Every structure is written in C-alpha cells, then in structure tokens.
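**Q** One letter stands for each residue in the lines below.
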Amino acid sequence: GQQLNQSPQSMFIQEGEDVSMNCTSSSIFNTWLWYKQDPGEGPVLLIALYKAGELTSNGRLTAQFGITRKDSFLNISASIPSDVGIYFCAGQLAASKLTFGTGTRLQVTL
Amino acid sequence: SQTIHQWPATLVQPVGSPLSLECTVEGTSNPNLYWYRQAAGRGLQLLFYSVGIGQISSEVPQNLSASRPQDRQFILSSKKLLLSDSGFYLCAWSPNTEAFFGQGTRLTVV
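Protein chains in written order, with the working numbering: chain A, 1 to 110; chain B, 1 to 110.
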C-alpha cells in the first residue's frame, strides 16, 4: 500500500534543542495528522490539520499543513526526555482510509 | 468518552496455528475500524478497514482476514499462521478523520 515519506528517519538531539521533521507525499490529502508512539504502545494523536496552509500548535508542538496539500511538518521546541519516541504523520484523502508515514525516531540526550 | 480495547496484549503462537485478535470500541456508534500491522522498527501497514457491519476492505493480500460481526467489534483472524505474520498488530477506530489506537498486540509466531 501507499506510504508517506518522512524525514529524517531518526534524530539524536540534546535536551532543550528544537526538532523539525517533515512528511511528503506524491498525492494530495485533505487531512494531515501527527502521532507519537512510545515503545510497545499504540500511537497517540498529537495534532490534526484540516486545511491547506493551516498552522496549529499543541503546547511545544507546532504542525503545518503544506499549501500544496502534499506535505506537512512538525516542530518540537525545547525538547525534553519524554519526547523520545517515534513520530508518525498520516494523511487522509477520502473518508475512512488513513495512510501513515514511515516514522521519525527521536532520541533525546541529557 | 470513547475507549478502545484490544486483546491479548502479547501472544506466542506456533506456525500453522489459527489466530483470533479482538478489538472493541465503547462510547460511540458506527465507527470506522482499522487493523494495522507494524514490523519491528517500521511504519504502520494498513491491513483492513471497515465502515460498517459486515463491510471489510482488504489492503494487502495475505493469509489474514477480518470480520465485523457487530458495530463496535472488529476481529482479525488467520487459519494458519506463518512466521512472517509476527509483528505488532494495532486496532484503531475513527469517527471520520482522526484515528484512535488500541494498545496493540505483540504477536510472535514460532
């Protein structure tokens, strides 16, 4: 099945640094979602974006819906150790079908 | 509020044995339901999704099947497991766009 390309695949950063990751697709989407997955658990929804150009924040997280509708980015400011995990983007065009990105693994060192 | 239950949390099954994973959702009606598989260190692969009772769409040809006998119940099955069926299986529900995940089932086929 189709998958979205996320970059980078992994990141090692120091506590307090800002993080930026993005997601690109060859197809357009009507909705972009960002999830975080902790080891051994299901992904948890962080931010939902519904409109091209939309910029939405959730605490230290900020995400944007690309104007072309083919990309999205997620920024994390002032990272902390509990930000460690895998971050997934997901796109939806038609109702019911959600396509996930390949994931960005984030490691935070003290 | 809505909750999703998925069980069992872990499962070790021999090759050739049958499989049945169950997922139920509470607090909503007529949700979209999904089964995803995640190989170790990889992204989420959509296996099946359902928009209503008895309606199943398969994304990837394989020896797995899914059924939705009740509105809020989604079952993933196999008649004979293969080694390659090992992975982390995630059930999710969606009211329309955002998807919410269960805690996952770690399946190891030996």
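Worth flagging that the hints you see were computed from the coordinates, not collected in a lab.
Among these hints, one or two may not hold up.
[As the list claims (entries may be wrong)] Now the stretches of chain B that chain A is said to cover, found in silico as 3 or more residues with beta-carbon under 8 Å:
1. 17-23
2. 70-82
3. 102-108
[Stated by the list, open to error] The list that follows gives simulated cross-link-like pairs (lysine to any residue, SDA-like), each with its CA atoms no further than 20 Å apart:
4. A:K97 to B:Q45
5. A:K97 to B:F100
6. A:K97 to B:I75
7. A:K51 to A:S82
8. A:K97 to B:L83
Keep in mind that this is a model prediction, so the values were computed, not measured.
Glycine included, every Cβ here is placed at the ideal spot set by N, Cα and C.
**Q** Each of the hints needs a verdict: does it hold here or not?
**A** Verification of the hints:
| no. | hint | in the structure |
| --- | --- | --- |
| 1 | 17-23 | violated (count 0) |
| 2 | 70-82 | violated (count 0) |
| 3 | 102-108 | holds (count 4) |
| 4 | A:K97 to B:Q45 | holds (12 Å) |
| 5 | A:K97 to B:F100 | holds (13 Å) |
| 6 | A:K97 to B:I75 | holds (18 Å) |
| 7 | A:K51 to A:S82 | violated (29 Å) |
| 8 | A:K97 to B:L83 | violated (28 Å) |
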